[in-house]
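Line order of the protein sequences matches chains A and B. So the first sequence is residues 0 to 124, counted in numbering that gives the first Met the number 0. So the second sequence is residues 0 to 366, counted in numbering that gives the first Met the number 0.
Don't read these hints as lab results, they were simulated from the structure. Each residue gets a CB set at the ideal place from its N, CA and C atoms; glycine is no exception. Any given hint could be a false lead.
Residues from chain B shown here face chain A by an in silico Cβ test under 8 Å; the list is partial [said to hold, decoys possible]:
(1) W84
(2) I86
(3) V87
(4) E90
(5) L94
(6) A171
Under the rule of at most 35 Å between Cα atoms (straight-line distance), these lysine-lysine pairs were calculated in the DSBU-like manner [stated by the list, open to error]:
(7) K154(B) with K41(A)
(8) K211(B) with K1(A)
(9) K354(B) with K118(B)
(10) K118(B) with K211(B)
(11) K60(A) with K170(B)
(12) K57(A) with K98(A)
(13) K67(A) with K154(B)
(14) K170(B) with K154(B)
(15) K170(B) with K90(A)
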Amino acid sequence: MKTILARGGVIVAVLILAVFLFISGKEHAVFITNKGESYTPKKAYYIIDGREKEVRIKKKKKKREYVKGTNHTIEVRFKDIDGNEIKVSRKFEAKLGEKISINVALIEDEKRWITKEKIEKEKKK
Amino acid sequence: MENKGKKFLINNVVPIVILILIVAAIPISGLSNGYLIQEMITRLSRNSFLVLSLIIPVVAGMGLNFGIVLGAMAGQIGLIFITDWRIVGMEGILLAVIISIPISIMLGVLGGYILNKAKGREMITSIIMGFFINGVYQLVVLYGMGNIIPMTNKKIILSRGYGIRNAIDLKAIRQVFDRFIVLKVGQFTIPVFTILIIGVLCLFIVWFRKTKLGQDMRAIGQDMEIAKSSGIAVEKTRILSIVISTVLASIGQIIFLQNIGTMNTYNSHEQIGMFSIAAILIGGATAAKASIPNALGGIILFHLMFIISPRAGKELIGSAQIGEFFRVFISYGIIALALVLHQWRREQENKAERKKLMEMQLSGGDK
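Turn these sequences into a full structure, and let the hints steer you where they fit.
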């Protein structure tokens, strides 16, 4: 009985570890756009998860970035309509089965800077 | 003293011959010492785990386990799944290991069971078993994945909608172990973390040989009948040795492929058994005796030959292909030579034993 319990315990622990690794190691695609409503900066720059390289995104362009795990940060900088430098840092979560889009031009808008959509599984033809 | 020297020469004829060949070929190849040392560090960290996985079945008297390709296949299945699920980095490798362990245990049990039915012919049986399981692997990967087993990553699925592509890019886990802790010594880059893992495996092997199970395996390796009569569960212990070897080989294959960075879905595992066995034999191991120095020394010698011979061939004859043919000839030739030597030694031992028995019977009859 003791042996069965010990072996069962090991299997459960390994399964929990596997689930943890799956969630923390999962890579998610994040779509970054630079398309405002009243104003769109000519160039915007962003850094995801404190990476070394800053990425430039031009007006009305879209880029795809990959992030690992659940919790992330994005730092965005651009010049506003008056030529003042705006620098905003935001936190976001990437969950399984969600498509994340971030609009850097709307980064100051609390509600609309990020959109999350459920990914529908493709049906086999 | 003279006898000792002769015995040493006979026991180490393979590594000595290879060493002489390498020493002669290094100046001809024109490769710098720095380049060779860096290559050796990389190849030692890449291959050691796989080669070390061969030691335990030798201790248990099952010869050289060509069945490590079963473990390699299990490792590759783990890598296919993590690539499909897009699990990256260290988490990806660890998850691949977790996935591959139950598969390799299953294959190890099957392999051990079959090898128990073919006692005395384990090596040839394990080669054929590798071919058989390779067929099953291809069936699963080529038809099952995407059809029965759901796959979502279009990058690894064939355009027809099922089956895995010929080559998988492992850039998400490429050299994750090797770059985790790196030490720079002059011009050399040392993958400390991978070497630490190999060190832990070496310690495990040393410790394992001293355990009750390790001692049982040794007893079985020396004489199966005596081990059986002394109450050791021979068949179960032999299966366990194959299971351990297969599990270690699956982890070894993951370490090997994370270093390379690409996986050839249908071929990566095929040569693993042959190359690992050639390496351990070149290190001086036999089908009845293998140790950690044999494995590590063998990798150095075998891979030195890998690097040097094409260049030496090119410098000598003007064709790198000749050097490559020479290397292939040497690696397979060494396996053949080691097996012939093993059989010859066994026959010599049997002859000596028969002679001893006859002498004992004769002296008993005189009385």
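Status of the hints after comparison with the structure:
This hint holds: W84(B) has a C-beta 7 Å from the nearest C-beta of chain A, less than the 8 Å allowed. The restraint placing I86(B) at the interface with chain A holds, with a minimum CB-CB distance near 4 Å, inside the 8 Å limit. Given the 8 Å rule on beta carbons, the hint for V87(B) holds: about 5 Å separates it from the nearest Cβ of chain A. Given hint, E90(B) at the interface with chain A, holds; its Cβ is 3 Å from that chain's nearest Cβ, closer than 8 Å.
Checking L94(B) against chain A by beta carbon gives a least distance of about 4 Å; that is within 8 Å, so the hint holds. The beta carbon of A171(B) comes within 7 Å of a beta carbon in chain A, closer than 8 Å, and the hint placing it at the interface holds. Taken as a hint, the K154(B) and K41(A) pair is honoured in the structure, with Cα atoms around 34 Å apart against an allowance of 35 Å. Restraint check for K211(B) and K1(A): the C-alpha separation of about 21 Å stays at or below 35 Å, so the hint holds.
Proximity of K354(B) to K118(B) is assessed by CA-CA distance (about 25 Å); at most 35 Å being required, the pair is judged to hold. For the hint linking K118(B) to K211(B), the alpha-carbon distance of about 23 Å falls within 35 Å, and the restraint holds. For the proposed pair K60(A) and K170(B), the alpha carbon gap of about 26 Å is at most 35 Å, so the pair holds. With a CA separation close to 22 Å, the supplied pair K57(A) and K98(A) stays within the 35 Å bound.
Our distance criterion of 35 Å between C-alpha atoms is met by K67(A) and K154(B), whose separation comes to about 18 Å. Among the hinted pairs, K170(B) with K154(B) is consistent with the structure: their alpha-carbon atoms are about 13 Å apart, no more than 35 Å. For the proposed pair K170(B) and K90(A), the alpha carbon gap of about 27 Å is at most 35 Å, so the pair holds.
Of the numbered hints listed earlier, not one is contradicted by the structure.
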